[in-house]
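Read top to bottom, the protein sequences are chains A and B.
Position 87 of the first sequence, counting from 1, maps to 87 under my numbering, and the rest follow consecutively.
If you want my numbering, it's the 1-based position in the second sequence plus 258.
To be clear, the hints were calculated from the coordinates, so they are not data collected in a lab.
We put the beta carbon where it would ideally sit given N, CA and C, even for glycine.
Mixed in with the good hints there might be a few duds.
[Claimed, not checked] Simulated pairs of lysine-lysine, DSS-like, Cα-Cα distance not exceeding 30 Å: (1) B:Lys-623 <-> A:Lys-103; (2) B:Lys-260 <-> A:Lys-127; (3) A:Lys-127 <-> B:Lys-458; (4) A:Lys-103 <-> B:Lys-260; (5) A:Lys-127 <-> A:Lys-113; (6) B:Lys-348 <-> A:Lys-103; (7) B:Lys-458 <-> A:Lys-161; (8) B:Lys-267 <-> A:Lys-113.
[As the list claims (entries may be wrong)] Have a look at the derived ranges for each label pair, beta carbon to beta carbon: (9) B:Ala-516 <-> A:Glu-194: 56 to 62 Å; (10) A:His-142 <-> B:Ile-543: 39 to 45 Å; (11) A:Leu-141 <-> B:Asp-276: 43 to 49 Å.
[As the list claims (entries may be wrong)] Covered stretches of chain A, as calculated for chain B (at least 3 residues, CB under 8 Å): (12) 67-79; (13) 115-124.
In case you want the letters, here they are:
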Amino acid sequence: MGKTKESIMSNPGQKNIIQDKVITVNNLVKKFGNFVANDNLNFEVYAGEIFGFLGANGAGKTTTIRILSGLSKPTSGEVSVAGFDAYTQTEQIKRNIGYMCQKFSLYEDLTVKENIILYGGIYGMSKSLIKRRLSELLAKLHFQEYENRMISDLPLGLRQKLAFSVAILHEPKIVFLDEPTGGVDPITRRQFWESIYETASIGITVFVTTHYMDEAEYCDRISIMNDGRIVALDTPDNLKKQYDAKTVEEVFIKIARP
Amino acid sequence: MKRFLGFVKKEFLHIFRDYRTLFILFGIPAAQILIFGYAVSTDIKNAGVAILDMSHDEITEKLTDKIISSGFFRKTETLLNYNDIDRIFKKGKTKAVIIFEHDFGKKLISEGKSSLSIIADGSEPNTATLVTNYTTAIVNNFTADLAGPTLNNSLRISPEVKMLYNPELKSHFMFVPGVVTLILILICALMTSVTITREKEFGTMEVLLVSPLRPIQIILGKVMPYFILSFINVLLILVLSWLVFGLPVKGSLILLLAECMLYIMMSLTLGILISTVSSNMQQAIFISLVGLMLPTVLLSGFIFPIENMPKIYDYVSSILPPRYFIVIIKNIMIKGTGLMYIWKETLILIVMTVVFIGLSVRNFKIRLE
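With the sequences and hints as input, model every part of the structure.
Next up, the structure:
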């Protein structure tokens, strides 16, 4: 994991070869009536990067994620995700991304195996591929004995790991994690971040929102949103230097509550 | 298509793993049919009557025979004088006493009228009303037979009441169509609204929307199992009411099933609409139960005739889909009429379905924005 992280962290600016950009956002504006939820956003996300998307509640993060995941269309601006246009190619975008939200997104009354078969099927994976991934996944997570257990019988930490694995089952180019660690204990959170690193190391871009500032430190780059605008975007270290702060938390507080 | 089928399969798994859902789907309809059919029965069968015959002529004996052999009554005692009446009611087994006056038959022949009293046990008003009505009907019938076409008005009792289609006023005839109507709209609307809001509440709806499944596939996938199961339910109710109550389907069975499918579809779209306006399961359940069950029972014509309601309730009931389906199902099952007589109601249901779909799509889009 370290290698990938280092290389991107040291030179994020140099990785702007066109193939390596998985998300490009230029002058994105999203209005609901008179309310401007996203006001002229500009940013890029690189392949294999862990991109932290921070901001207070109501800052406009959710709106942006919905646009990036093809659920909602921008009012104006250019948005491209995994090489597809957010206005016209939402279907292709959906095929190439994974998504996991705070609520885990697994069906509690289905078994581990059934959940995996369901999601694999929804993403159009062949039966044999699903079967192979299933056994790989179970082996990797030491989950074999849980194959036919209901999700409701699993402890929270395991459920979360499994939900993440399911979100990247179809090997998307980007996975969106919307506050994936809400309400989870510190040890589980730590383990979860280990799997995030692992995912990024195989080239899947991780786009993560969080309210935990210690987690923000783990990201390759973070953007901080306030009132619909991106007010800061850099590596955690650079931001700390720029704002003369010891932690990302201090940076966040300085920006979000001036 | 493969994606879609996998999704439908998952919905079936949800249903079959949740015994509460299964119970609501199949237990409640069966229970309702049996409860409404038996316990809330408004029929009488073998009600005890006592006879006080002051005349003892050929006619009174014939009439007594006719009443007792009708199947509705059974003779508890033959009384000798008026004093016995109070005593026999207190015993409790007798619901009514029928009294023929002195020279009943003689008067009838010579004067063209004679009188008969029915004294019923008013402490059970429903039974009392039924018993007197049934007796009156039998007496009228008897008089008509006796008098023939030439001599009307020979025995002055209450006006003739004729019950077309349900001559014995069997209450199952009224309840079975009503229960089908109630059950289908309740189950379909309740179940779909709950199953869709459950996905919202658990956050799985987000994930499905982000997936390559189209919204229309998600919704169809969610309601398809309920469509199939509700249809099985209809068959079950029909078979049950045929086996237990001997209720036949007089009209075309195919037409009946087609109309049921339409009604199921209407109810499912109503459920989808409810799910788009409710943010959690409790809300969906509340809207479905209070918003559908009470009006259906009270205002659809299921129990209380719409004609007898104040105009305002008539207007309210005209926006209730069950009102139209009850007319359809009663017409087909009991009167045996064809589409010719129910096309208006059918059309209204189709229009309602389209409106519900339109509103749901609009609400869904607003939510997605």
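A quick look at each hint next to the structure:
no.	hint	verdict
1	B:Lys-623 <-> A:Lys-103	holds, 23 Å
2	B:Lys-260 <-> A:Lys-127	holds, 11 Å
3	A:Lys-127 <-> B:Lys-458	holds, 28 Å
4	A:Lys-103 <-> B:Lys-260	holds, 27 Å
5	A:Lys-127 <-> A:Lys-113	holds, 12 Å
6	B:Lys-348 <-> A:Lys-103	violated, 68 Å
7	B:Lys-458 <-> A:Lys-161	holds, 21 Å
8	B:Lys-267 <-> A:Lys-113	holds, 14 Å
9	B:Ala-516 <-> A:Glu-194: 56 to 62 Å	holds, 59 Å
10	A:His-142 <-> B:Ile-543: 39 to 45 Å	holds, 40 Å
11	A:Leu-141 <-> B:Asp-276: 43 to 49 Å	violated, 27 Å
12	67-79	holds (count 4)
13	115-124	holds (count 7)
Consistency note: the structure conflicts with the earlier hints numbered 6 and 11.
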